[in-house]
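Asker: One-letter residues, chain by chain:
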Amino acid sequence: MDLARTEVTPRARKKSRRGDAARFGLMALPVAFFGVFFAYPVAAIVARGLKVDGVWQFGRIWDVLAQSDIRHVLWFTTWQALASTALTLLIALPGAYVFARFDFRGKQVLRAVVTVPFVLPTVVVGTAFLALVGRGGLLDELWGVRLDTTVWAILLAHVFFNYAVVVRTVGGLWSQLDPRQEEAARMLGASRLAAWRKVTLPALSPAVAAAALMVFLFTFTSFGVVQILGGPTFSTLEVEIYRQTSEIFDLSTAAVLTIIQFVAVGAILAVHARTVRRRETALRLVSPEVTARRPRGVGQWALLAGVLASIAVLLVLPLGVLVQRSLDAPDFGYYRALTSDDSGIFLVAPIEAIGNSLQYALAATAIAVLIGGLAAAALTLRAGRLVRGFDALLMLPLGVSAVTVGFGFLIALDEPPLNLRSSWILVPLAQALVGVPFVVRTMLPVLRAVDGRLREAAAVLGASPWRVWREVDLPMVRRALLVAAGFAFAVSLGEFGATVFIARPDNPTLPVAVARLLGRAGDLNYGQAMALSTILMVVCAVSLLLLERVRTDRTGEF
Amino acid sequence: MSKKRTITAVVVGLGLVTLSACGSSGSGSSDADSKTVTLVSHDSFTYSKDVLSAFEKESGYTVKVLKDGDAGQAVNKAILTKDNPQGDVFFGVDNTLLSRALDNGLFQSYEAKGSDLILPEYRVDEDKHRVTPIDSGDICVNYDKAYFSEHKLTPPQSFDDLIKPEYKNLLVTENASTSSPGLGFLLGTAAKYGDDGWQDYWTKLKANGVKVVDGWEQAYNEEFSGSAGGKKAKADRPLVVSYASSPPAEVIYADPKPTTAPTGVATGTCFRQVEYAGLLSNAKNTKGGEALIDFLITKQFQDDMPLNMFVYPVVEGAKVPAEFTEFGPQAKDPETMAPAKIADNRDQWVKSWTSLVLK
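Here the protein sequences line up with chains A and B, keeping their order.
For the working numbering, add 52 to where a residue sits in the first sequence, where the first one is 1.
For the working numbering, add 7 to where a residue sits in the second sequence, where the first one is 1.
The hints are simulated quantities; they were obtained by calculation from the structure and are not laboratory data.
Worth double-checking, as some hints may not be accurate.
[As the list claims (entries may be wrong)] DSSO-like, lysine-lysine: derived pairs with alpha carbons at most 30 Å apart:
#1 B/213 to B/358
#2 B/135 to B/71
#3 B/241 to B/152
#4 B/56 to B/241
#5 B/211 to B/358
#6 A/103 to B/358
#7 B/213 to A/103
#8 B/89 to B/71
#9 B/89 to A/103
Pulled out of the complex, with its shape left as it was, chain B reads as follows (with noise of 0.2 Å):
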């Protein structure tokens, strides 16, 4: 009998849970709320609490974060839901995305408190002001130390390098279709030889012995010899695709940590990524979305930044980290594009990459 009772309770108790959940859904949103400001962004988006505690504590706005996926994700997602946003002010939206997210009204316009501290180079959208740059980073080949120095060869340094005999199946790199790098780093080969001569370029690239796989994860972590997972994994490319950030990644998150990184950057490979932060359309608190937006770009957050997300900073005084300079070196003069540009014309590349490269 008892334990009949048991399981009565059980389900009873399995009905409250439901009930009680239903119930307290309702109260989640709070939205409405002038004091909170939700930021949209994406998975790789992170701080240190107690930057984002001084800027709670100076303003009065409590900072509500909700990361939303992949960086493509997010930006989709976020256009999807632009009539009733998730949030107030949207992150993480990069150069090659730009155009998609501004030609769907994603954003209203803001101009930043202290905007006039971007490095030129880094402004886009300069009469509008929809969008604000936070961050960039570069994409390039990486490699693998130990196997150049073991094989007596001197790493590649630029894109002309990688169809050279000597790097013959050495490279791995990401779908341009499906990974942001992967595209990234076809961008950079389209800036570097033209609408018309990448395609010459990525048919020597193949003759020369490039693998593709699907993922960043997977070619950085199964395929590249020189990362740690590639090294369990008895990965066997010297050469990926991955972020002028990586060998410091390298570097900071080993233990213990070596004096110098297994990891080079060919400098003369990177494509220049550049993120932005922009007030949602349908923002439900545009004054706290402000203030989010000016908190991005003061040097506060800006010299935060780079040991969290591995990207360097875009305004004038911020400090790159040590770790940065001293075992990955910003590329002097990488491959950049126009968001317009990118935008003309990255579906009719990519689909002409996939025949060329993957069929």
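If we strip away everything but chain A, and leave its shape as in the complex, we get (with noise of 0.2 Å):
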């Protein structure tokens, strides 16, 4: 039930403007938040590039489009970002079905392990990554097949990646479809097929919609993967804004593929939020628990076992190989030298990151859950083309290089009353504005499911707008809440790109160390970049175990 949807006579119209006093209420924070610390710094940085003099060059979009190396990347980042998510939707189709409808030991900490590497630093997957298909790696071993340095590195990673994202949206739904109406049709006399093709895949259709562009928009975005394991061949649009910014310095050439990007992101966004609107059509939606059962016959076991194994290879194993690497020492000893801060590297012992990192993922926690709720709660009360539109800005900073994020923070975030730019607070920020997107995705579903009639109720009743949430909502969303404020965490736990922008010396967060460790020579390096990554993967692999201890609801995105 939505209140978009009910039909509004002349007396709710009187109630809805109401409704818009305190629909604005809500967003002016979110929308604050993300003017200041989001689009007057993209804008500032993208200023500073294209302004000469005060006058906007934007004749410099058609001199960089003319280049040809410019052209290259852009066709790149397309075509892999097609192609990451076809591969992706293919291996993990068959793994949403089989999470959705199997019951099976083990699938709890499954559903969290295959969600580890969405939530993992690039930096680290990497190094993981090229174990499998790299020299020496599974592959090469059983058949002699190495690609690290072919595309089918990138894509194979970007599927380790994204797994999650389509098992958890399109898997979400799946569980709560009622099998009983595929049922019904193949007692009218449809094939296996038919039923399914009538029935479920309509019901399907707009969430797969969904996650495959979500896929595709993470993967056209792809940095670290690509910086990675394209090796210096092969560019996306957001590398080539880091390189041009970072090391060449051309902040024109930036700014441009900065707008490039904003444009089709905002694109894909637009498409996006038409399919989560098609999606919300009504369906009947069961308990997950009714739904799952015991894998029946040769076919459904063989299949089970398929994904299984595809998990096992392909999410598992590169894992795997981090965990293997950091005990490749006597007695644990790289996770005994973490503890001494002889490395000279950062001043403390490496083990303190684990600290900084909680302290800073907490805190941006704590900002992306009152942020994004806030602008849930907004989007719950009335769906007008400016709230649509409002929700898709709200995920543009999933789209937008943390580079021109970090560069942009630098030069406006520098003067009082704002003034933030030695402070601490700047990394939980810049974690926030990643954190935001999930907990507004999580928590719009569920919002949006509440019967509008008890709001109705509280508000005749006298109730003020902020009494019927605390009252009606909060309730009703506190586990959805709480799995909103899981994913911030553990997002904001992996996040590298912008905090290593901003990252203090002396309190440096878990990826940023394991980087840092990584850019210096001996054995003693690497083996305690292996341990940390560990210990990040088990920090994470934890909080969201957590997570599906408390989830009930699965209709969110996440």
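Could you fit the two chains together into a complex? Lean on the hints.
Answerer: Take a look at the structure:
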């Protein structure tokens, strides 16, 4: 049930005006947050590149587009994202089915495990992934196949990262589709395939489309994977923005590329917003516990085995390599080394990075939940065009280069009253930007599912909008709120791109510490990097596992 | 009911965290405090705590260190923020990027006390004194000793050796457009073979199977068979472009420490990098910044530096650690190039190199 779909009577219209006020009130803080910490810094860095003596140089756009190198980057960015999305769907959709329909031992743990890659920093994953497809990796040992300099390495790594997006988005909905509808169709004489095509597929396709678009967005803006596995020959728009800004220092080219990416991401999000809306059409949903059952027959067991095998090879194996390498010294030597500050790299024992990371991630989670929660509440009240635009706006940080945001922070937030440049809060703020979209996407479907009549009843009885939210919505979305917070936490924990720009030297986060350790020669440094990565992985896995326990509603997108 | 209260408390708590976070951030900007001096540097800047606190005690200044990304990033960020700099002193601009910093007016003049002790080969910008050399390091091809003894092959010694057929498919290097050792190696060949000759050299190097990866981490930890990481990754390239100080690092960061380094340096393939520090143009604490630059070239700091940053000191009489001389002797006659020449040619060379080697 959704307020947006109730009939608007004259009385309701009057009430909706009061709703408008409430909505704008709720939106004020998120809008201010995104204005100050996203739009303004990004605009500042783009202006720095494109404005000469106060005049915008939009002609630069055509100059840049005229370069064959840049056109090559655009072409590669697009086709690898399409290919990655297709491959991810191909491999992950059977997984989504298995997680949705089958009941088997260790399912909860496995669901958490497949989500770990999604929140791990790419510095860590790149290293692990090379062990799978690189020389001496499993593929090499079994069949003499090495993919480390081919585009296949990039595509497979994208599957590794985004598997969970498909399993969670599609699987979440699938598990709640009533299987009896399909059974009914078969009773009426439809073949198995026809029943699936006529009944399940239409119900599922908006979720598949939404998942595909998210994967496309993540792979279109892929940075770490392409930088590490692509070597110098493959470059996405995001990598090129990084090179132009950070290495070549050609800010005007970087600004043009940022605008191009911005437009592309905006378009993807607009399409995404449409599919999400279509997805909200009424479906008969049932509890996932009812739909899942033990596999029956050879076919189902084979499917389960196949999916488990693909997860083992593509997801668990690279993670396992990290663990194995971290243990490659007698008596947990690398872990013990983490507690000493001898290395001189950090001035503190590397183990303290864990504490730093947790503190930053907690602060980022608090901010993301506050901002994302308010935004989701605002979006629930009524879906006008403005609100839909706002919905898409909240997703934009996922598609804008971290280096752009980082440089923007640097030049935009350096004066009172916003002199935050040397403040610790900058790190959680940057991390929260990435966390908010997850909070919104998790909360929104649940909030929308709250029966609008309850709110109306409360309002009629004289409750203020705040009280309505607190008394009606909040108790119902408590769990979703926890899940959202957990996700924001895990994402913040693994955030690297923006953090590395602003993290303070004396309190590095886990991913930053890993990157710095990998940047030095010597066995102990390498081993400690692996040990820290393993710890990061375990922390992520544990928080995701806790989420699985509190999670009941699976309509959220992540 | 109690659950509801918990949630309310959580929500209120979150609000408070955010508020207090915003509040405390205001006090973070104590730049104007004349007793604090801020050093902006790159991620590799490291030092011993007691050496720095000795300086703090002596001078009365508190030193704040801001590490700002890798070398190139740190310079670019310093340039972007030069009107309202993040600190007073910048350390870590090397000869490959020096001109970019100077042309953008990043530094103001200051002749450091004790600069007469700086070895002559490191001095630049002597009329204006905008920067002071602090350390130097050589970018050289490293080799995996085990590989060459197993294959009864002499390790290469010079640039010329690298294009010989016996070393086919053995070398891995970094992308010159994104990696500082990669750029150093390119500049080394340009210094050796001249503006015209280097392209020809690289054509031969490519024909001899040189592999290019994006960054030092991949090259050294994933591709180079001699490094600790490479051994675990079953790497298969016994030659890598790295630093002259990498072999000592392989010894120092090993447990138990081996009696000899597993890797060696091809001393005829080196390019010398020098790192400089300077007083930032709009520094808020000029006096403190000057004292800090003086400190960076004292014997105390110069002696401490090598084992922290794996670089060589630049002042007369500073000690080079025994591990360095034993496991990675400094190249006698490294290639080098004037910063102005690098500035004039860098972008064009990198562009030609990219289309020559990567495409």
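Asker: Holds or violated: are the alpha carbons of residue 89 of chain B and residue 71 of chain B at most 30 Å from each other?
Answerer: 18 Å, holds
Asker: Given the hinted pair residue 135 of chain B and residue 71 of chain B, is their alpha-carbon gap at most 30 Å?
Answerer: 27 Å, holds
Asker: Regarding the pair residue 89 of chain B and residue 103 of chain A, is the alpha-carbon distance no greater than 30 Å?
Answerer: 18 Å, holds
Asker: Holds or violated: residue 56 of chain B and residue 241 of chain B, Cα atoms, limit 30 Å.
Answerer: Violated - the C-alpha atoms of residue 241 of chain B and residue 56 of chain B are around 37 Å apart, more than 30 Å.
Asker: Need the status of pair residue 213 of chain B, residue 358 of chain B: alpha-carbon distance at most 30 Å?
Answerer: 16 Å, holds
Asker: Could you grab the alpha-carbon distance between residue 211 of chain B and residue 358 of chain B and see if it respects the 30 Å cut-off?
Answerer: Judged against 30 Å, a Cα distance of about 18 Å means the pair holds.
Asker: Does residue 358 of chain B lie within 30 Å of residue 103 of chain A when you go C-alpha to C-alpha?
Answerer: Cα-Cα ~26 Å, so holds.
Asker: Residue 241 of chain B and residue 152 of chain B were given as a pair; does the straight-line alpha-carbon distance stay at or below 30 Å?
Answerer: 15 Å, holds
Asker: Are the Cα atoms of residue 213 of chain B and residue 103 of chain A separated by 30 Å or less?
Answerer: 41 Å, violated
Checked against the numbered hints above, the structure violates hints 4, 7; every other hint is satisfied.
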